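**Student:** Since the structure of chain A is provided, determine the placement of chain B on it from the hints.
Protein chains in written order, with our numbering: chain A, 8 to 384; chain B, 8 to 384.
Some clues are possibly wrong.
Said to hold, decoys possible - Label pairs and their in silico Cβ distance ranges:
| hint | chain 1 | residue 1 | chain 2 | residue 2 | range |
| --- | --- | --- | --- | --- | --- |
| 1 | B | D30 | A | E82 | 51 to 57 Å |
| 2 | B | G32 | A | K323 | 20 to 26 Å |
| 3 | B | F310 | A | E171 | 56 to 62 Å |
| 4 | B | I13 | A | S300 | 50 to 56 Å |
| 5 | A | G32 | B | D30 | 43 to 49 Å |
| 6 | B | E111 | A | N303 | 40 to 46 Å |
| 7 | A | K78 | B | H190 | 56 to 62 Å |
| 8 | B | K194 | A | Q359 | 43 to 49 Å |
What the hints assert, rightly or not - Calculated lysine-lysine pairs in the DSBU-like style (CA-CA distance at most 30 Å, straight line):
| hint | chain 1 | residue 1 | chain 2 | residue 2 |
| --- | --- | --- | --- | --- |
| 9 | B | K95 | A | K61 |
| 10 | B | K61 | A | K61 |
| 11 | B | K95 | A | K95 |
| 12 | B | K315 | A | K78 |
| 13 | A | K54 | B | K49 |
| 14 | A | K33 | A | K263 |
| 15 | B | K307 | A | K54 |
| 16 | A | K21 | A | K323 |
| 17 | B | K219 | A | K78 |
Read the hints as simulated data drawn from the structure, not as lab findings. All values derive from a computational prediction rather than experimental measurement. Every residue gets a Cβ at the ideal spot worked out from N, C-alpha and C, and that includes glycine.
Number of protein chains: 2
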Amino acid sequence: MLKLNIDSEDTNSKARAGWFETDHGKVETPIFMPVGTQGTVKAVNQKYLAEEIKAQIVLSNTYHLYLRPGKEILEAAGGLHRFMNWEKPILTDSGGYQVFSLSELRKLKSDGVEFSSHLDGSKHFFTPEKVIGIQRSIGSDIMMALDECAPFPCDYEYAKTSVELTSNWAISNKEAFEKSKPHYGHKQFQFGIIQGSIYKDLREKSAKDLLKIDFDSYAIGGLAVGEPMEQMYELVDFTTDFMPNQQPRYLMGVGKPENILESIALGIDMFDCVMPTRNARNSNIFTWNGTLSMRNAKYKNDFNPLDKNCNCYSCKNYSRAYLRHLFIAEEILALELASIHNLYFYLDLVNQARKHIANGDFLEWKNKKVAEISFKN
Amino acid sequence: MLKLNIDSEDTNSKARAGWFETDHGKVETPIFMPVGTQGTVKAVNQKYLAEEIKAQIVLSNTYHLYLRPGKEILEAAGGLHRFMNWEKPILTDSGGYQVFSLSELRKLKSDGVEFSSHLDGSKHFFTPEKVIGIQRSIGSDIMMALDECAPFPCDYEYAKTSVELTSNWAISNKEAFEKSKPHYGHKQFQFGIIQGSIYKDLREKSAKDLLKIDFDSYAIGGLAVGEPMEQMYELVDFTTDFMPNQQPRYLMGVGKPENILESIALGIDMFDCVMPTRNARNSNIFTWNGTLSMRNAKYKNDFNPLDKNCNCYSCKNYSRAYLRHLFIAEEILALELASIHNLYFYLDLVNQARKHIANGDFLEWKNKKVAEISFKN
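One chain only, chain A, in its complex shape:
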């Protein structure tokens, strides 16, 4: 198991601050993992990711890396850490979500899923064993089990069958994990993914099925796929009660800054989302006083930093007026500066949460910040 060492627990919510250890270093929780889908966090180099943004762990994607550059090149490189020159921990998603969201053709079978590549239409078949094999070649510190991510909305019968399939695959995942070994000398952990759509009894069944299999830790998948936010929070609250206290809990693909703060209060420790980088590339900036749309003409003569409360490279060196100019002029530097800022903000957000959990005033702070950061300037 991957042990979460808990430093402090909030008495007014389920929030906790802790840390876990991998062979590539310690991760302090709650943590946000920048998304490096194809072995690069879009528009940000690895030095800035480590030193400016202070990312402690990044997420990459089995599906994408399998298609490009492919297993052979990753093996020849000595794994993804060496390939991309990233010495800190890496978590890889299993590909279940990408097969569901990107692939045109997807055929579920009892032992795996057939899909066509979104790049060239070529056909592939993922089984739990195969996905473990790819993640051994990648060498991620945390590997996710192959699951079925059900669509939304999803009727009860579909969701029930889907949970059963995910539970069956989970057994194969565990077996394949135990039969195989790391390729590069460092330990790899495996997380199970709790599914069940919006149905509490199915979430409970999924959690219990996976806990029996005894994964290193557990994630909640299949949320933030279109359901109302209040329903998501209710399901997260419900599900974390079934997840072990002493292991990090990961809410996959979430989310907006306010979703992250709310979910920390519900007992979540780990997050990932494309939002900080994707929104950055679309000129949407997160700040402690709400979001900014940097193409807006009102910033053309605004020589303040993006966020006066921010210490990131972009805020310390450039103005809103300059950023706006770069976006309007379609300059690549806009993408880098905005991405650095948004990722720094997300890491700052979870670090601040961590401090307030330790200080004992997390809930009050969280409620205040959720209102401020949700504001649209």
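**Tutor:** Coordinates of chain B only, in the frame set by chain A:
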């Protein structure tokens, strides 16, 4: 005048190593100026430009900055140095070349040029006075006089009329320069641009006309526009003989690494070109052993750096295989890493030339390197 302090002169060629001083710092020559057309060197942030690439001076464009962000915003920012957060020297082209190359509609008149914006078709009129005014708002350390850049090929009569126009405008440039003052407290220099197409007598006339006006220094314009390389070298060799020895000589828009080395041998001190950054974005990499096309499949398992003789951030941290993956996967990081490398290479090139001029073995070194760096891998 802008004095070139000559440290050493090559006895076997017209190459010289020197330095000149601006209020934003010293520039050692021969020098390459990275091109920051719109107030940013494409895909590279200002910290990397200064600290990794070790750029001593960058070029920006009056035409582009005038259209976007515009004079008012640059004034409000306190000039381009502050707007883009670049504390070292900036040279601005006058817009003559951009009006010739980018604008759809261009009407030459005796007192200036009417053109339509390549962005929105709006009509504008540039006179020498107006262009000086914009460059005062930009606050560039070196301002170029407005010239007519004749097309290639160009018949003698057109070229002759064009030189006369450029000489007349040069007088207005000088007058406007002397009547106006810097806006931000630092000294600005003005260079005249020698035109004359491929006609030696016109190059001579243009040089002599401009020297009478007594600019701070002089550039050669209107070359590398399509004429054969040997003809360009012959014209550069011919023209530098008319340019003052104690002032930096600038060959505008040149060029490939081998063109730069050859032109240093012909007495040129300053260069600019979009090639290192543009080629980088097209996955073409310059190395001391020739050029590489990084999308080539042969690099997919090549874990060497781009250039084993290079100390740039990209070469110290990433492999050819990783760069190829980034290009194939259309990742933005490819653009940054390739641009950093190519610019570092160009700066390394002129720095090495400088050292060999001082060592007294420039010509021999240059001939050897021209052969090596021209090789297509």
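**Student:** Hint compliance check: list the failing hint numbers for this structure, sorted ascending.
**Tutor:** Violated hints: 3, 6, 11, 16 and 17; rest satisfied.
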